[in-house]
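Since chain A is already given, all that's left is putting chain B on it; use the hints.
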Amino acid sequence: DAMVIQNPRYQVTQFGKPVTLSCSQTLNHNVMYWYQQKSSQAPKLLFHYYDKDFNNEADTPDNFQSRRPNTSFCFLDIRSPGLGDAAMYLCAISPDRGNQPQHFGDGTRLSIL
Amino acid sequence: EDQVTQSPEALRLQEGESSSLNCSYTVSGLRGLFWYRQDPGKGPEFLFTLYSAGEEKEKERLKATLTKKESFLHITAPKPEDSATYLCAAFNQAGTALIFGKGTTLSVSS
Numbered sequence: 013d014a015m016v017i018q019n020p021r022y023q024v025t026q027f028g029k030p031v032t033l034s035c036s037q038t039l040n041h042n043v044m045y046w047y048q049q050k051s052s053q054a055p056k057l058l059f060h061y062y063d064k065d066f067n068n069e070a071d072t073p074d075n076f077q078s079r080r081p082n083t084s085f086c087f088l089d090i091r092s093p094g095l096g097d098a099a100m101y102l103c104a105i106s107p108d109r110g111n112q113p114q115h116f117g118d119g120t121r122l123s124i125l
Numbered sequence: 173e174d175q176v177t178q179s180p181e182a183l184r185l186q187e188g189e190s191s192s193l194n195c196s197y198t199v200s201g202l203r204g205l206f207w208y209r210q211d212p213g214k215g216p217e218f219l220f221t222l223y224s225a226g227e228e229k230e231k232e233r234l235k236a237t238l239t240k241k242e243s244f245l246h247i248t249a250p251k252p253e254d255s256a257t258y259l260c261a262a263f264n265q266a267g268t269a270l271i272f273g274k275g276t277t278l279s280v281s282s
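From first to last, the protein sequence lines are chains A and B.
My numbering applies: residue 13 is where the first sequence begins, and numbers increase by one.
My numbering applies: residue 173 is where the second sequence begins, and numbers increase by one.
No lab work stands behind these hints, which were simulated from the structure alone.
Be aware that one or more of the hints could be misleading.
Stated by the list, open to error - Under the rule of at most 27 angstroms between Cα atoms (straight-line distance), these lysine-lysine pairs were calculated in the BS3-like manner:
#1 B:Lys229 - B:Lys241
#2 B:Lys251 - B:Lys274
#3 A:Lys56 - B:Lys241
#4 A:Lys56 - B:Lys229
#5 A:Lys29 - A:Lys56
#6 B:Lys240 - B:Lys251
#7 A:Lys29 - B:Lys240
#8 A:Lys29 - B:Lys235
#9 B:Lys274 - A:Lys56
#10 B:Lys214 - A:Lys29
#11 A:Lys64 - B:Lys229
#12 A:Lys56 - B:Lys251
Only chain A is shown next, with the shape it has when bound in the complex (with noise of 0.2 angstroms):
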């Protein structure tokens, strides 16, 4: 059974209007992250929840935003897409920080309009 649950798997929204990408957990894991890839490069870290500590990545745009509401789901708030952020969105989870191996989901595929 999936661990990771992301909704939806593929997302088409219209430049410049908000979308929000969804992200549950079925373990209770403490540790939330998003990441960014786009095609044919390496998964980029967005930013992460430690239980409800969130934390930012220094070069994550301010157009991207995230919420968790509680321990099982997160998501991830896209304020005005733009074509570059045309992109897969993974969202995985880790019982702690540091050298714990991170669980991934299959992610959603946004296309911008």
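Just chain B now, with coordinates in the frame of chain A:
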């Protein structure tokens, strides 16, 4: 700057033809080296964690090894179902971010 570099970018093998993928890293105070498999349109699937030089892990036809500067993923007698992109990643010293390489795309033909 912490960095992970994988080679080759792409590798084509015949079924049964063994080979190795390379992951070189420059990370201060390595806290873990991870291998993932990623199929098209899917998220990365965790394979192995290596924590110290000399450590080895095996799973079916895959074996991962670690030295102080690089890691290798050895594939013995691959099958077409082993075709995927293999990603290597290392934690930065603070342990807050996984730094991924760009991956090696493996194609195995029968």
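Verification of the hints:
1. B:Lys229 - B:Lys241: Between B:Lys229 and B:Lys241 the Cα gap is close to 17 angstroms, so the pair holds against 27 angstroms.
2. B:Lys251 - B:Lys274: holds, 23 angstroms
3. A:Lys56 - B:Lys241: Within the cut-off at roughly 22 angstroms; holds.
4. A:Lys56 - B:Lys229: holds, 26 angstroms
5. A:Lys29 - A:Lys56: holds, 23 angstroms
6. B:Lys240 - B:Lys251: Roughly 30 angstroms between the alpha carbons, so the hint for B:Lys240 and B:Lys251 is violated.
7. A:Lys29 - B:Lys240: Violated, at roughly 47 angstroms.
8. A:Lys29 - B:Lys235: Answer violated: A:Lys29 to B:Lys235 is near 46 angstroms, above 27 angstroms.
9. B:Lys274 - A:Lys56: Roughly 10 angstroms separates the two Cα atoms, so the pair holds.
10. B:Lys214 - A:Lys29: holds, 26 angstroms
11. A:Lys64 - B:Lys229: Distance ~34 angstroms between A:Lys64 and B:Lys229 Cα, so the pair is violated.
12. A:Lys56 - B:Lys251: violated, 30 angstroms
The structure does not agree with the numbered hints 6, 7, 8, 11 and 12 stated previously, though it agrees with the rest.
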